[in-house]
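Engineer: Once you've looked at the hints, dock chain B against the given chain A.
In order, the protein sequences belong to chains A and B. Be aware that the first sequence starts at 20, since it is given in the numbering used here, and climbs by one per residue. Be aware that the second sequence starts at 62, since it is given in the numbering used here, and climbs by one per residue.
Hints are not guaranteed to be accurate.
Unchecked claim - Taking CB as the label site, the calculated pair distances span:
| # | chain 1 | residue 1 | chain 2 | residue 2 | range |
| --- | --- | --- | --- | --- | --- |
| 1 | B | R112 | A | A297 | 54 to 62 Å |
| 2 | B | I265 | A | S295 | 35 to 43 Å |
| 3 | A | S208 | B | L164 | 49 to 57 Å |
| 4 | B | I265 | A | G262 | 50 to 58 Å |
| 5 | B | A243 | A | S295 | 51 to 59 Å |
| 6 | B | W204 | A | G262 | 23 to 31 Å |
| 7 | A | G262 | B | G147 | 42 to 50 Å |
| 8 | B | W204 | A | R81 | 17 to 25 Å |
Simulated from the structure, these hints should not be mistaken for lab results. Every residue gets a Cβ at the ideal spot worked out from N, C-alpha and C, and that includes glycine.
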Amino acid sequence: MTPDSSRRRLLQTMLAASGSMVLPSLHAAPTAVPLLTRPIPSSGEQVPVIGLGSWITFNVGRDPQARAECANVMHQFFAGGGRMIDSSPMYGSAQDVIGEALQAIKPPRLFSADKVWISGGARGPSQIETSRKLWRVPRFDLLQVHNLLSWEEHLKTLQAMKKEGRLRYVGITTSEGRRHGEIEKIMASQAIDFVQVSYNALDRDVEQRILPLARERRIGVIVNRPFRQGDLTQALAGKPLPGWAAEIGCTTWAQALLKFIVSHPAVTCAIPATSSVAHVRENLLAGTGRMPDEALRKRIAQDAERLA
Amino acid sequence: MSEWWTYSLSDFLMFSQRSYYRLIALYNEALWPAHLLALAVGLVVIVCVARPRPHTRRIALLALALAWAWIGWAYHLDRYADINTGAPWFALAFGVQALLLGLLAARPHGAAPARMQRQLALGLIGLAVVAYPLLALGSGGGWGQAEVFGIAPDPTAIATLGMLLACRAHLIAWLIPLAWCAVSGATLMELRVAHAWLLPTFAILAIAASLLYRRGSQARKHG
Chain A
20 MTPDSSRRRL LQTMLAASGS MVLPSLHAAP TAVPLLTRPI PSSGEQVPVI GLGSWITFNV
80 GRDPQARAEC ANVMHQFFAG GGRMIDSSPM YGSAQDVIGE ALQAIKPPRL FSADKVWISG
140 GARGPSQIET SRKLWRVPRF DLLQVHNLLS WEEHLKTLQA MKKEGRLRYV GITTSEGRRH
200 GEIEKIMASQ AIDFVQVSYN ALDRDVEQRI LPLARERRIG VIVNRPFRQG DLTQALAGKP
260 LPGWAAEIGC TTWAQALLKF IVSHPAVTCA IPATSSVAHV RENLLAGTGR MPDEALRKRI
320 AQDAERLA
Chain B
62 MSEWWTYSLS DFLMFSQRSY YRLIALYNEA LWPAHLLALA VGLVVIVCVA RPRPHTRRIA
122 LLALALAWAW IGWAYHLDRY ADINTGAPWF ALAFGVQALL LGLLAARPHG AAPARMQRQL
182 ALGLIGLAVV AYPLLALGSG GGWGQAEVFG IAPDPTAIAT LGMLLACRAH LIAWLIPLAW
242 CAVSGATLME LRVAHAWLLP TFAILAIAAS LLYRRGSQAR KHG
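Only chain A is shown next, with the shape it has when bound in the complex (with noise of 0.2 Å):
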């Protein structure tokens, strides 16, 4: 099967899984409300609050089905402002159906932000050739390294990658609260654009010292499982949303968990995944509007922790 044949059929299958006749263009006048950005610290590049992980959601094999459905969410997301999309190579088939979807696509403004993962510093060029060639991509936009794996050498890598043009940003990242610490220590020594950490409105070890160390050393911060992989979500189901969402224009606890999160300061995007067209709307409908203050987030952490 020639690319083409193969990206005509992913678009077919996607009008399918979309159960609509045409689907909007990509290029169309945006949403009402428009996706609130936030500006990257060490460039001023503006990237909008919500992006896209891909970790479990995007990992479907083979399945044309579900690339189908993927490719969809990827569609609205980019057609609702979206632009950053998270991936690794500890994703297993996750970067391919990116990859194949963002050839249907043709977003117009994608942030491309993957990982490298693998041990030793020698390996990983290579590792992130493939990558690349998986996600279809001249080059990335970010590169990370994932839960500091063989950091040093790594970075080494990625720096170098920097320097000659080849990337433009260049990040670590952690998850679940692993290794805090050592994040602490790479924050202040090395001269990273990024950190991504786990953090929603029960898990908020970061807020002690990663998330001000970020802002002092101009560092952006890209927020994973902020669902706690879809628990935190199932938990609140079905208990009634507090005379605060209104407020904020929530009608979901995801969007008021997702608000929660990017109405941080040093906050620069939360990454929620999901293979669910609707959820991706509602994830993007959170990074609209009035956000939270201060007082408000810690009435939305009490709640959620007394509710869940």
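Structural biologist: Frame of chain A; chain B shown alone:
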């Protein structure tokens, strides 16, 4: 590799329950009607264990060796590797187990199993061949997601434990099937599959029966 201690099992679970069962469904779709042949081979293994003779033992072990080799290649390497980066290692382990079973088949026949041991072995193999595919119906997945002996790894590992029990195999031959029961059981638990407990339970049952029998035969020797 000091970093590995920071990972938990859930960090390596890179796919959803839906993706896992869709993979099985697509794999089944590609192989149908080979399932009928696999089922027939499973029934042959049951008959061979029910009538223990040197040649029936050899036939059953060779059938299992073929099943492990097939699953290593067709399932782990060709399919599961799409969503699980550890699958090529599983394929290698399945290949090694196929060799071990082949070597066992080539060895001279040992003592016949005790009655209790043979009955438990038959029970395990019977459950793996006949009952395991029905789990998909019970969980609402339909026939498309049925895990069939000789095609899917879990029922094949259970049947193999039964066969190893029946032929009183050396400990080495148990290691990979037991490890697979642990790995697959843990994966199903992380995926929150209702019958995740089955594989570890069968593994514990088979080990207990084997140890009991070994202790009993040692006591008889010394007595």
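Engineer: Evaluate each hint against the coordinates.
Structural biologist: Against the structure, the hints:
B/R112 and A/A297 have their C-beta atoms about 58 Å apart, which keeps the hinted 54 to 62 Å range intact. For B/I265 and A/S295, the Cβ-Cβ distance of about 39 Å falls inside the hinted range of 35 to 43 Å, so the restraint holds. Taking 49 to 57 Å as the suggested C-beta distance range, the pair A/S208 and B/L164 conforms, at roughly 55 Å. Range check, B/I265 to A/G262: Cβ separation about 52 Å, and the 50 to 58 Å hint holds.
The given range of 51 to 59 Å is broken by B/A243 and A/S295, whose C-beta atoms sit roughly 33 Å from each other. For the pair B/W204 and A/G262, the beta carbons lie near 50 Å from each other, so the given range of 23 to 31 Å is not met. At about 48 Å, the CB distance of A/G262 to B/G147 agrees with the hint of 42 to 50 Å. Under the hint 17 to 25 Å, the C-beta atoms of B/W204 and A/R81, about 21 Å apart, fit the expected range.
Checked against the numbered hints given earlier, the structure breaks hints 5, 6 and satisfies all the rest.
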